[in-house]
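Trainee: The residues making up each chain are set out below.
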Amino acid sequence: MTLLSLRGVRKTYGANVVLDNFDLDVEAGQCVVLIGASGSGKSTLLRCVNLLETVDDGVIELDGEDITDPRADADRIRSGIGIVFQSYNLFPHLSVLDNVTLAPIRVHGVPKAEARSRALAMLDRVGLADKATARPDNLSGGQQQRAAIARALVNNPKLMLLDEVTSALDPELVGEVLDLLRELKSDGITMLICTHEMTFARQVADQVCFLDQGRLLESGPPSQVLGQPREPRTQEFLSRIINAGRL
Amino acid sequence: MSEWQPSALQQERLAYRRRRTVRSGVIAAVSTVVLVGLLVVGVGSTPGWPRVRETFFDVERGWEALPVVAQGLWLNVRVMLVCAVLIVVLGLTLAILRTLRGPIFFPLRIFAAAYTDIFRGLPLLLVIFLLGFGVPALQLRGLPNQAVIWGGAALVLTYSSYVAEVFRAGIESIHPSQRAAARSLGLSHRQTLRFVVLPQAVRRVLPPLLNDFVSLQKDSGLIAVLGVIDAIRAAQLETAEDFNFTPYVVAGILFVALTIPLTRLTDWVARRQGWYGGGGGPV
Numbered sequence: 001m002t003l004l005s006l007r008g009v010r011k012t013y014g015a016n017v018v019l020d021n022f023d024l025d026v027e028a029g030q031c032v033v034l035i036g037a038s039g040s041g042k043s044t045l046l047r048c049v050n051l052l053e054t055v056d057d058g059v060i061e062l063d064g065e066d067i068t069d070p071r072a073d074a075d076r077i078r079s080g081i082g083i084v085f086q087s088y089n090l091f092p093h094l095s096v097l098d099n100v101t102l103a104p105i106r107v108h109g110v111p112k113a114e115a116r117s118r119a120l121a122m123l124d125r126v127g128l129a130d131k132a133t134a135r136p137d138n139l140s141g142g143q144q145q146r147a148a149i150a151r152a153l154v155n156n157p158k159l160m161l162l163d164e165v166t167s168a169l170d171p172e173l174v175g176e177v178l179d180l181l182r183e184l185k186s187d188g189i190t191m192l193i194c195t196h197e198m199t200f201a202r203q204v205a206d207q208v209c210f211l212d213q214g215r216l217l218e219s220g221p222p223s224q225v226l227g228q229p230r231e232p233r234t235q236e237f238l239s240r241i242i243n244a245g246r247l
Numbered sequence: 001m002s003e004w005q006p007s008a009l010q011q012e013r014l015a016y017r018r019r020r021t022v023r024s025g026v027i028a029a030v031s032t033v034v035l036v037g038l039l040v041v042g043v044g045s046t047p048g049w050p051r052v053r054e055t056f057f058d059v060e061r062g063w064e065a066l067p068v069v070a071q072g073l074w075l076n077v078r079v080m081l082v083c084a085v086l087i088v089v090l091g092l093t094l095a096i097l098r099t100l101r102g103p104i105f106f107p108l109r110i111f112a113a114a115y116t117d118i119f120r121g122l123p124l125l126l127v128i129f130l131l132g133f134g135v136p137a138l139q140l141r142g143l144p145n146q147a148v149i150w151g152g153a154a155l156v157l158t159y160s161s162y163v164a165e166v167f168r169a170g171i172e173s174i175h176p177s178q179r180a181a182a183r184s185l186g187l188s189h190r191q192t193l194r195f196v197v198l199p200q201a202v203r204r205v206l207p208p209l210l211n212d213f214v215s216l217q218k219d220s221g222l223i224a225v226l227g228v229i230d231a232i233r234a235a236q237l238e239t240a241e242d243f244n245f246t247p248y249v250v251a252g253i254l255f256v257a258l259t260i261p262l263t264r265l266t267d268w269v270a271r272r273q274g275w276y277g278g279g280g281g282p283v
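From first to last, the protein sequence lines stand for chains A and B.
Be aware that the first sequence starts at 1, since it is given in the numbering used here, and climbs by one per residue.
Be aware that the second sequence starts at 1, since it is given in the numbering used here, and climbs by one per residue.
Just so you know, these hints were derived from the structure itself, not from any lab.
Be aware that a few hints might be false.
Claimed, not checked - Far from chain B, some chain A residues (derived; all Cβ distances over 10 Å):
no., residue
1, GLY8
2, ASP23
3, ASN50
4, HIS108
5, ASP124
6, ALA201
To be verified - Below, a sample of chain B positions facing chain A; criterion: calculated Cβ distance under 8 Å:
no., residue
7, ARG51
8, SER173
9, SER177
10, SER184
For each residue, glycine too, the CB sits at the ideal point set by N, CA and C.
All chains should be modelled from the sequences, with the hints used to inform the complete structure.
Mentor: Written out as structure tokens, the structure is:
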């Protein structure tokens with residue numbers, strides 16, 4: 001079943017075309033990894049799916065519903081999608097637990113006691129049970145990012161969007177976050193991921209998409225796109241990554 | 001693990017630093033004594049000083065005036081407290097009105113912008129005169145005609161425009177990524193403001209806000225021009241008896257004594273903000 005489908009999506013900032021006639025299908029339970037140079041449109045794509053940006057043309061369908069229709073209820077649609085940002089974006093004035101329970105209580109109308117126990121279970125799952133009362137400022141980068149993942153997951157989203165979630169982390173903290181994502185993948189959570197972690201992409205992706213200047217240049221199973229890329233630009237991008245020691 | 005003992009080098013450094021500290025203390029004390037001495041001698045040797053001391057710093061007259069002036073000050077305190085609450089409510093409302101999106105709120109946005117523009121520009125004294133003498137002169141039924149109420153209203157109108165701008169600056173200082181995170185969880189614009197933006201914005205602007213209330217505390221003395229018997233007016237009445245201005249000095253000392261705790265509180269909150277990390281960092 002196709003959970004997310006993009007057809008002819010276009011997004012511009014002024015004269016800068018960030019997404020150009022973009023097509024993509026994500027099947028339920030799949031993990032799709034977007035790769036490409038900075039400025040190739042990966043993050044913008046995720047922001048468009050989450051309605052944080054308005055598309056300039058084309059259609060994005062989630063579960064068969066056109067979410068790019070201006071008449072659609074954006075708050076309701078967003079509440080069914082989880083997004084995790086590169087810089088965590090936790091709420092610094094709230095404890096980790098309150099970060100996680102905010103949306104269940106205020107958006108989904110979950111009673112406080114239940115939201116709390118659900119949040120504690122989720123924090124336990126991401127290995128932060130002992131940090132529930134801590135402020136985000138007192139956590140390491142890896143812990144903050146795991147808290148942000150818990151905050152998104154606790155709402156049982158249909159789709160998880162992950163925007164370079166390890167890019168702001170110290171190298172020794174990247175592993176703990178990637179391990180968590182591997183677990184989510186084995187739990188069958190549908191994920192759309194932007195990343196520069198090629199080894200990780202090769203392990204977890206069902207489909208790898210290479211973006212170049214706002215276009216989907218090449219996509220397929222990781223062994224093909226990362227192993228035997230057809231397009232010269234993909235080859236060039238991967239060789240630069242290899243030279244940088246990231247693959 | 002052996003107990004750490006400072007090395008000979010470190011002990012020598014510590015001794016040097018101690019000597020420097022003592023030396024700094026001595027220099028500060030000497031320079032203070034010299035400066036104060038010069039001021040006392042300088043002012044005291046002016047030809048008019050005995051007369052000034054008599055008219056402004058008559059201790060006996062000051063004690064005599066103290067109860068009356070203090071009673072007036074109690075009115076200032078009450079006016080200030082009531083006004084502060086109203087100012088926060090009105091200021092926050094105005095700030096929120098200015099952040100509203102959507103065409104339906106256009107008139108409200110314009111109203112809030114015009115309000116802050118006008119009342120930040122108008123001199124407070126003028127607003128006090130306009131409301132204190134102008135409104136009762138309309139002779140409208142049902143409106144109160146006590147000067148203290150209209151003086152307080154003038155303070156609220158003027159200060160809420162300042163406070164609104166402080167709140168608005170705080171709201172706009174919250175990084176857009178915080179809104180994005182809140183909206184991505186499905187929170188509405190209103191919920192995002194209520195649970196994510198405002199709590200952080202208010203914490204961040206607490207020091208400048210308290211600063212405005214220090215200022216309000218002394219400006220509450222301006223309602224004396226309407227004839228309200230506050231500390232300033234009480235001092236004026238006392239002075240009128242014998243043309244000794246000491247009661248004014250007493251009122252001044254009482255105002256300073258009142259604002260110092262609030263100023264210290266402001267400093268303390270500001271320091272705590274630094275510790276809390278508001279203002280810095282990627283969020």
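Trainee: Does each hint fit the structure? Answer for all of them.
Mentor: Hint-by-hint comparison with the structure:
1. For A:GLY8, the non-interface assignment is confirmed: its Cβ lies about 24 Å from the closest Cβ of chain B, beyond the 10 Å cut-off.
2. With a least CB separation of 24 Å from chain B, A:ASP23 remains clear of the 10 Å interface cut-off, as annotated.
3. Residue-level check failed: A:ASN50 sits 5 Å from the nearest beta carbon of chain B, not beyond 10 Å.
4. A Cβ of chain B approaches the Cβ of A:HIS108 within 10 Å, the least distance being about 8 Å, so the stated non-interface status is violated.
5. Chain B leaves A:ASP124 outside its interface by the beta-carbon criterion, the shortest separation being 20 Å against a cut-off of 10 Å.
6. The beta carbon of A:ALA201 is kept farther than 10 Å from every beta carbon of chain B, the shortest such distance being approximately 23 Å.
7. Violation of the interface hint for B:ARG51 is found here, the shortest Cβ-Cβ separation to chain A being roughly 59 Å, above the 8 Å cut-off.
8. Annotation: B:SER173 was flagged as interfacial toward chain A, and the flag is violated, the nearest CB pair being 13 Å apart, outside 8 Å.
9. Evaluation of the B:SER177 hint against chain A yields a held restraint, the C-beta minimum of about 5 Å falling below 8 Å.
10. Interface restraint check: B:SER184 against chain A, minimum CB-CB distance 5 Å, threshold 8 Å, status holds.
Checked against the numbered hints above, the structure breaks hints 3, 4, 7 and 8 and satisfies the rest.
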